[in-house]
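Engineer: Each chain, written out:
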Amino acid sequence: MSPVKGDAKFTNEVLRLAGLEVRTCIQCGTCSAACPTAHLMDNSIRRLVKFSLEGRKEEALASSSVWLCTSCLLCTVRCPRGIRPKVLVGALRDIFEREGRKDKDQAYEDLFMRQIMDLGRISEALLSAEYLLADPASAVQTMEMGLELLPKGKITVQKDRIKGTDEVKSIFAELGKG
Amino acid sequence: MILKEKANHISFKDWMRIHVQSPMPIGVYVCHCGLNIAGVLNMDELKSFSEKLPDVVIARDLPFSCSDIGQEQIQKDVADFKLDRVVVAACSPRLHEPTFRRAITKAGLNPYMLEMANIREQCSWVHMDQPAMATQKAKDLIRMAVAKAALLQPLESATIPVSRDVLVVGGGVAGIQAALDLADSGQHVYLVERRPTIGGYMALLTDVFPTNDCSICVLAPKMSDVYNHPLITLMIYSEILGVEGSVGNFRVSGVKKARFVDLKKCKGCINECAGVCPVEVPSEYNFGIGKRKAIYVPFPQAVPQVACVDPQACIGCARCIEACPADAVNFEEKQEEFKLTVGAIIVATGWQPFDATRKEEYGFGRHRDVITSLQLERMLNAAGPTRGEVVRPSTGEIAGSIAFLQCVGSRDATVGNIYCSRICCMASLKNAQLVKEKYPDTEITIHYIDIRAGGEGYEEFYLRAQKLGINFVRARVSEIDEEDGSLYLNFEDTLSSSFRRVKYDLAVLSIGLEPDKNAEVLGNLLGLSRRTDGFFEIAHPKMRPVEAHIDGVFIAGCASGPKEIQTSIAQGSAAAAKAMRLLSKGEIELEPTSAYVDRDLCTQCKLCEDVCPKRAISVKSPALVDEAACKGCGSCAAACPVDAIQMRLFSDQQILAQIRAATEEKSEFPLIVAFLCNWCSYGAADLAGTSRIQYPTNARNIRVMCAGRVDPSFILEALQRGADGVLVAGCRLGECHYVKGNYQALQRVEVLKGVLEKIGINPGRVKIVWCAASEGDIFAKDIKQFVQELKEMGPIGTELKEALPGA
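Chains as they are written, first to last, in my numbering: chain A, 1 to 178; chain B, 1 to 807.
This is chain A alone, in the form it adopts within the complex (with noise of 0.2 Å):
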């Protein structure tokens, strides 16, 4: 193993699935400094775009950025090299979950695709309260917030479900992920 290319399998995977531009990465940050999420990841983009480069797989596989993009895409607009940071992201989920990895970020993202997958939409209370199942520990945590989005009726109590959930279903297995 080269001590700077680290894991080169990973690191072609990541490429193959992110587009070969990803290696004129400069570093410059402008990814993570336009991040709404960077404040809240353990290691910025910019740092998940380094170590995929340097293979350094468990790093990055590890990092709770993986699962905090919300795919707003303002990275991949100002990214100065064309690179696109939030499809990098996707491929590092990608490998993440093929490997049959778990992580308790990747938790809350499963029952949440989950969701959607049947309902067509997110039921937050629904969402909540499988979510506590799942992770007591993080969901506490999180708590506090639903507890005051509750009054302001941003938080749904019913359980809702779209017209055409077969459709989405068929979205779903288009691309693998049923």
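Mixed in with the good hints, there may be bad ones.
Under 8 Å between C-beta atoms, here's a sample of chain B residues computed to sit facing chain A [stated by the list, open to error]:
(1) 413
(2) 414
(3) 478
(4) 490
(5) 494
(6) 499
(7) 502
A few chain A positions that, by computed beta-carbon distances, are all more than 12 Å from chain B [what the hints assert, rightly or not]:
(8) 26
(9) 81
(10) 93
(11) 96
(12) 105
(13) 109
(14) 126
(15) 144
(16) 166
In case anyone wonders, no lab produced these hints; they're calculated from the structure.
Because the structure is a prediction, the values reported are computed rather than measured.
For glycine and all other residues, C-beta sits at the position ideal for the given N, C-alpha and C.
Could you slot chain B onto chain A? The hints should help.
Structural biologist: The following block gives chain B in isolation, referenced to the frame of chain A:
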């Protein structure tokens, strides 16, 4: 001595050959080159083979044909055998063609009645362990050379008288330097400037790096020299609208815009006229900070020091006419057309600043305290709109904290500029120093991706900025937002991995340099090519830094890419020297290798106009080649659908004769006819020889000036005559000596492959490869690979037999 005695004796057979058989007696000289050739090839066999070729009246093998003895032998034979053309089978023509041309010229022949067969670099040196096959290949190469020699025509290199005057376009520092160097050397210069003053951007800067000396103080004397030089015709406030002709005789037309002020009468007092002018507009010479009147002098040190009326802003109140004590203002003035004839053109059209409003996230134009580096230059300038004070535009107060943002519009794919603008790091280091020296308490931070300070004294300059207490943060700012009238910069300090939101009084955007849009007209008129970054392309990215692809056109300064003042001045001088070298004799010699048109055949389809990289051919009922501009690449001849265009030294007939000779005797399988461009792949094949890289003997090489010369009909002819494969080798893409000949070759080969496939021939039999002259190993590898591929395909026609049922 032995040779001499032999030569004196003319046998009956020889006598018959001279006087009966051949109307165009050819002499063939097979060179031993010591053992370099004779050590591998069978010289006796080659000599007796050559003797039997058509039109050959004498064939000799010479130990060293390039030696004096060898050359004398050839000259003697020319006289004795009344030879009118000569074939030398020896080393590469790239080495000794000039030697033998001189030799036969001395014997009274036209220098172009010589053809060489390259049996050293492209035969004996690369097939050292296959002497029998190499000898066979050498025979084919000699046969091909003799076949071409029989079709050679005497050519005369003409000289044309040229104008010694030079046109310099652009009155910035590069153009000024070029004009002064030319004029000081006694050449007359027309300096055309679009704006009402010369000086360019340098005249607007404050102090300049790396010495922090005052910009205008060092430039103003040069500006005034230009104005007063007897050999410089300064054509201010003028634009070029037409260019015709070519090197030595460019006919240029343009227009001098109406200034509405008499250049001779105006004393430049400006206060009288501008004082009464009621119209105020933002001053472009202060980049939008500060105002000027509709009648104005661009800046205090402008040359000429003459007012100018802005017709867009003027409301025609005529108060300036009344106010002028010299009676210089004249609203009746009309624009004037002009026509010039010049021998050379120096393009010094400069650059334009990146439009900072395109980076919306930085809020330039929205937040008043976000300014550009050029606006800061004007603020710092004692003659500028703030008289040298660095203030916040929103309050007019001195800025207490200043942030510099580097790479705004440079190194940024989102705005299409991936290049580094090269000067902004140093410019910000300089401006930060100037501010810090003037206001020691001001907090200054430079936000950078990389500090690029590569130049004499530049790193020391960086060091100085650090010592002055200027802060450096490695970050590319993502966004500037405004809160309660203050600016906040959002960035990640990438060296400490921390997110920051920091308040500053003033943010300075270090804007990059872009190609000047106003120069596009001139670029199109001259046919200059552009790089992907939009700047004008130079003839070679390293070896020819101030020459354009068009002969007689030179490029200096930022027109060919961002550069600092020092380099722009060096390029101005270099372009001047190049123009002098070209025109000093008052005449130029033309290579007789150009294209010519059979005007009866031309159908005026204009395909040739499109492919010509030199704009040397124009279809004026019918097409006409400007032989001064043509460089003989032959792409027009390949493109012409009716074969109306011919090349003087590489005619269709000559090349077809070589192809027929190569395929006359199919001496090995697979037999490859290879077309090599003179500049790169032929050089690569020669290098493979000098490096003794061994490869199979199958290729029969035909030298052409450019891969673009290869007419698809040549390829078809070769295949039809039994060649198993055809190789076309050109310069690497993007490195063509004729700009885009290799792309044109690629296009033609791709189309031809489609045709071949349709008629049942394996398109893999035609291969196009790229190698630089330094890539002998790649050339050898290409041949090896192609031979292998053709072996798998089988002899030509195999695929047709296979396609027939029952065959």
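Engineer: Now look at each hint and say whether the structure bears it out.
Structural biologist: Status of the hints after comparison with the structure:
no.: 1; hint: 413; verdict: 4 Å, holds
no.: 2; hint: 414; verdict: 6 Å, holds
no.: 3; hint: 478; verdict: 3 Å, holds
no.: 4; hint: 490; verdict: 5 Å, holds
no.: 5; hint: 494; verdict: 4 Å, holds
no.: 6; hint: 499; verdict: 6 Å, holds
no.: 7; hint: 502; verdict: 11 Å, violated
no.: 8; hint: 26; verdict: 6 Å, violated
no.: 9; hint: 81; verdict: 6 Å, violated
no.: 10; hint: 93; verdict: 22 Å, holds
no.: 11; hint: 96; verdict: 22 Å, holds
no.: 12; hint: 105; verdict: 19 Å, holds
no.: 13; hint: 109; verdict: 23 Å, holds
no.: 14; hint: 126; verdict: 34 Å, holds
no.: 15; hint: 144; verdict: 23 Å, holds
no.: 16; hint: 166; verdict: 40 Å, holds
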